[in-house]
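On the provided structure of chain A, position chain B as indicated by the hints.
The primary structure of each chain is shown beneath.
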Amino acid sequence: MGFALIWHIWWMVAAGAIGAFATFVVFAWRDHDEYVIPAAEVARIDQVNRAERRALMSGAV
Amino acid sequence: MATVVTAHADPHHLGGLGAAAEHAGPASKRIVTGYGFWIFLLSDIVMFSCFFASYAVLSGQTAGGPKASELFDLRSVAAETGCLLLSSFTCGLATIAADVREKTLYQLAMALTCALGLAFLSLEAREFASLVARGAGPTRSAFLTAFFSLVGCHGLHVSAGALWLLTMMAQVTAKGFRADIQRRIMCFALFWHALDIIWVALFSVVYLLGAGQ
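Chains as they are written, first to last, in the numbering used here: chain A, 150 to 210; chain B, 163 to 375.
A hint or two may mislead.
Some chain B residues close to chain A (C-beta under 10 Å, calculated; not the full set) [said to hold, decoys possible]: (1) Leu325; (2) Thr329; (3) Met330; (4) Ala332; (5) Ala336; (6) Arg340; (7) Asp342; (8) Gln344.
Facing chain A, according to a computed beta carbon distance under 10 Å, are these residues of chain B, among others [claimed, not checked]: (9) Gln333; (10) Lys337; (11) Phe339; (12) Arg346.
In short, the hints are calculated from the structure, not lab data.
It should be emphasised that the depicted structure is a prediction, and the values quoted were computed from it without experimental measurement.
Ideal Cβ positions, reconstructed from N, Cα and C, are used throughout, including at glycine.
With the rest of the complex left out, here is chain A:
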């Protein structure tokens, strides 16, 4: 939209403005806009990651 404004492409300005507002409304109408990752799940993923790295390091040496 900024590009269109600078170069006076008015149809693109209209499309950009409508698109921006539509995006705003779609995001505003979500009912679940966040989720929680439990600490145990984070710990599990981290354990797997560390184990894989350790395996990689011991294999390379």
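Below, chain B alone, put in the same frame as chain A:
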């Protein structure tokens, strides 16, 4: 022995700040959202202050064209100011109505706020159109470029605010006074009042000081 126990219970020597120590953990979402929105508003105000600074520097650079005192119709500006200040009042009413979950009063106050905002915008559009018709468009002089940028930027903010306002009316209709909707209403109210504050500065710096030049 007692002093040792106290030292352990108060590792950061907060002493009298017992109340603050009790509020461990993150602040409520309402506080965090409000704080974040204030940071946005402050960045907006920083941008406006740049426009104000350039207007202040360029307000005398008329390039032989019309001066501020020859252009501005203070009666129309007074009407614009009245609309915007009243709309801030009705916006406050809408906030109170949302706090006590009065749907009808909320929608009524928001509709009034929107009507006053649109009245402001139409007065401003008429002023801009008459300036351009009199050959005092933004291309006439550096003064007029700065004027249209500063006042137009505020007008664009009010237009975006009106769109946001209508969205908030629809959101309350569709979803009711949910906690996240209440937070958005609070942010909208902050935005609308901030625009009013900017208009007061604009009115004083551009129109009142300009009329004296």
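Hint check, failures only:
Per hint list: 8 and 11 violated.
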